[in-house]
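A.B. asks: Here is how the chains run, residue by residue.
Number of protein chains: 2
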Amino acid sequence: MNKNNYAIIMAGGVGSRFWPVSMNSFPKQFHDMLGTGDTLIQKTFQRLSRFIPKENIYILTNEAYNDLVLEQLPEVTQQQVVLEPAMKNTGPCILYAALKIQKENPDALMLVAPSDHWIEDEDAFSRNVLTAFDFCKENDALMTLGIEPTFPNTGYGYIEFDTETENVVKPVKQFREKPDYDTAKSFIKQGNFVWNAGIFMWSVESVLKAFEINQPTLFQLFKNGMSAYNTDTETEFINENYIKAENISVDYAIMEPSKNVYVLSAQFDWNDLGTWGSLYDKLDKDSNNNAVVNARTLVQDASGNMIRTQNDKIVVIEGLNDYIIIDKDDVLLIYPKEKEQGIKEVRNTVKDEFGENYC
Amino acid sequence: MNKNNYAIIMAGGVGSRFWPVSMNSFPKQFHDMLGTGDTLIQKTFQRLSRFIPKENIYILTNEAYNDLVLEQLPEVTQQQVVLEPAMKNTGPCILYAALKIQKENPDALMLVAPSDHWIEDEDAFSRNVLTAFDFCKENDALMTLGIEPTFPNTGYGYIEFDTETENVVKPVKQFREKPDYDTAKSFIKQGNFVWNAGIFMWSVESVLKAFEINQPTLFQLFKNGMSAYNTDTETEFINENYIKAENISVDYAIMEPSKNVYVLSAQFDWNDLGTWGSLYDKLDKDSNNNAVVNARTLVQDASGNMIRTQNDKIVVIEGLNDYIIIDKDDVLLIYPKEKEQGIKEVRNTVKDEFGENYC
Chain A
64 MNKNNYAIIM AGGVGSRFWP VSMNSFPKQF HDMLGTGDTL IQKTFQRLSR
114 FIPKENIYIL TNEAYNDLVL EQLPEVTQQQ VVLEPAMKNT GPCILYAALK
164 IQKENPDALM LVAPSDHWIE DEDAFSRNVL TAFDFCKEND ALMTLGIEPT
214 FPNTGYGYIE FDTETENVVK PVKQFREKPD YDTAKSFIKQ GNFVWNAGIF
264 MWSVESVLKA FEINQPTLFQ LFKNGMSAYN TDTETEFINE NYIKAENISV
314 DYAIMEPSKN VYVLSAQFDW NDLGTWGSLY DKLDKDSNNN AVVNARTLVQ
364 DASGNMIRTQ NDKIVVIEGL NDYIIIDKDD VLLIYPKEKE QGIKEVRNTV
414 KDEFGENYC
Chain B
64 MNKNNYAIIM AGGVGSRFWP VSMNSFPKQF HDMLGTGDTL IQKTFQRLSR
114 FIPKENIYIL TNEAYNDLVL EQLPEVTQQQ VVLEPAMKNT GPCILYAALK
164 IQKENPDALM LVAPSDHWIE DEDAFSRNVL TAFDFCKEND ALMTLGIEPT
214 FPNTGYGYIE FDTETENVVK PVKQFREKPD YDTAKSFIKQ GNFVWNAGIF
264 MWSVESVLKA FEINQPTLFQ LFKNGMSAYN TDTETEFINE NYIKAENISV
314 DYAIMEPSKN VYVLSAQFDW NDLGTWGSLY DKLDKDSNNN AVVNARTLVQ
364 DASGNMIRTQ NDKIVVIEGL NDYIIIDKDD VLLIYPKEKE QGIKEVRNTV
414 KDEFGENYC
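For the protein sequence lines, the chains are A and B, in the order given. Residue numbers for the first sequence follow my numbering, beginning at 64 and rising by one. Residue numbers for the second sequence follow my numbering, beginning at 64 and rising by one.
Among these hints, one or two may not hold up.
Stated by the list, open to error - Listed next, the in silico DSS-like pairs over lysine-lysine satisfying Cα-Cα at most 25 Å (straight line):
#1 A/Lys345 to A/Lys376
#2 B/Lys307 to B/Lys272
#3 B/Lys402 to A/Lys400
#4 B/Lys272 to A/Lys376
#5 A/Lys376 to B/Lys414
#6 B/Lys307 to A/Lys376
As the list claims (entries may be wrong) - Residues from chain A that face chain B, not an exhaustive set, calculated with beta carbons under 8 Å:
#7 Lys241
#8 Leu346
#9 Val356
#10 Glu381
#11 Gly382
#12 Asp390
#13 Asp393
#14 Ile397
#15 Thr412
#16 Val413
#17 Tyr421
Because the hints were derived from the structure by calculation, they are not lab data. Ideal Cβ positions, reconstructed from N, Cα and C, are used throughout, including at glycine.
Given the sequences, and given the hints that come with them, work out the whole structure.
C.D. replies: Written as structure tokens, this is what we have:
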């Protein structure tokens, strides 16, 4: 494996649309959402370690999840866990990690990968990332993997690419935030739009240059810590300065303003597991087309449901279709699948009415 | 209080339509179904002890529930708990209890009362029973309390009474099993039909005469034990002979064939708490017309539901109307209220598929 290949796994999210399973104290990426025996972050780590040296895989997460990371990824050392003292979106933490990696290896190529996505064909994923790495080694480029859209999903961002080149690596014309339905339909009709999966590849040199040009204040803030990174004084520097960073996404900070952005269309089946409905899509179904995790079910006239319990509890359902049914010791959720975007808000209401402990 | 007044509380049922709360090992009558702080059998005992000496109240139940009875009714002695070694319907156990009471007090008047019904006006109940007792003292009569029907319920038996007498105690013309809807409607239109609540009153003399005439074999079987009743040899006799008794209801054994049957129309509001739906009717409702026991709820676009958890679990429901939602540690039931009669069958299926422990 190429010792210049690095990855950072983004594992600081709270997965609020997966409430009540995903909790502040135990978010989605640390759960075995698919019922495979591995948690999502474990699956992600395994997928990356096929072509990236394990010691070059960093986990970016919240301080609160440090123990969960070390417990679930025993091959990872504390030095590989990059802790954000505050929630500042993806921009600051990616910049911070890039500087740490640059200090260790100025020739590094970096992959940024979410910790909680589902990817079917891991060989294709490896090939795609390595193709992108080759391109990043030869060019000053910020790259993303684009997912070919299968329907006009209004929950994802889209990337428009230039069709003039024959190369598999296409220059990006623009990023588009979550569109409305008609716009999404027109994107698909045009044919040169892909979903933004939040998977980025670049050399540390290119990404740091992009930050320096587009976010000079933020860049300087973290650049000031260069002598401290990967030493005993790093924590002190970060705890003092991280809080001062602007809350900004990596897309907004560098991808959108940069001219050297490229996209490679992914050749693997992908799902962001962003909602209970997308998890439902990926799970095996019973004969009534219900997706069941852990529960023992007895269903009559009930189909299309996403059913999950903590253990092998018996769930009897009659006359209920396309519902999300999630049972925990202290919370039971019964919610229409088509309204799943509302679960985030439900979670907030539960927090307000019954307290933080339930969220 | 009149020392000749006796009662037997029928507490041997399993309440299978209240699954999964009512369990073989812990049936409905031993649960606080109404969330009042008292179990149904405790409420029944309190109601009767207003006008019947506590030591004259017998509990008829299954051997398996002996400890539950003594625990929930600490004022009751073991001698007052009459144990059925086998499930033989109401006929044999009422005959057995009547003989025991006759041996203790040949002048006894007896009330037979279910352990798991709801009665609002306890004063009216006392008055009605005492009126019936007065009638039974003067006449050779088998009496029942009839409930004035409020709608054409097809789940109850009906009693047709004779309208020719001006007396509040009316001769019964016939008992009618659960009718179909049109028949039930015609009963209500006729005006001289009441619901059979399974509440009976008679002198021990009259009820034993009725058994002797109409069920001579059964009568002789239990009469043979007369010298043993209320002595140390009683258990031995019962364990040997109870199993030989015919499985027959008291209605079929003596009420239907007898000519001296009378009914008094109850002057209290009554509910047999026979199903989750009837429990729903009796519980207070939240602002969305949901009946909630124990749970803390967050409901949106959801009304008419019967929601019960074991503790103060949070239940979030959206877009669900008229469902029974019952949550326990090991079982979750989500079932349409209008199909509640099917719960008995669901319980059997669960038993077959997952074992006795869940029923």
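A.B. asks: Would you mind marking each hint as holding or not holding in the structure?
C.D. replies: Consistency of the hints with the structure:
no. : hint                 : verdict
1   : A/Lys345 to A/Lys376 : holds, 22 Å
2   : B/Lys307 to B/Lys272 : holds, 21 Å
3   : B/Lys402 to A/Lys400 : holds, 24 Å
4   : B/Lys272 to A/Lys376 : violated, 53 Å
5   : A/Lys376 to B/Lys414 : holds, 14 Å
6   : B/Lys307 to A/Lys376 : violated, 41 Å
7   : Lys241               : violated, 23 Å
8   : Leu346               : violated, 19 Å
9   : Val356               : violated, 14 Å
10  : Glu381               : holds, 5 Å
11  : Gly382               : holds, 5 Å
12  : Asp390               : holds, 6 Å
13  : Asp393               : holds, 6 Å
14  : Ile397               : holds, 5 Å
15  : Thr412               : holds, 6 Å
16  : Val413               : holds, 6 Å
17  : Tyr421               : holds, 6 Å
Hint compliance for this structure: hints 4, 6, 7, 8, 9 are not met, and every other hint is.
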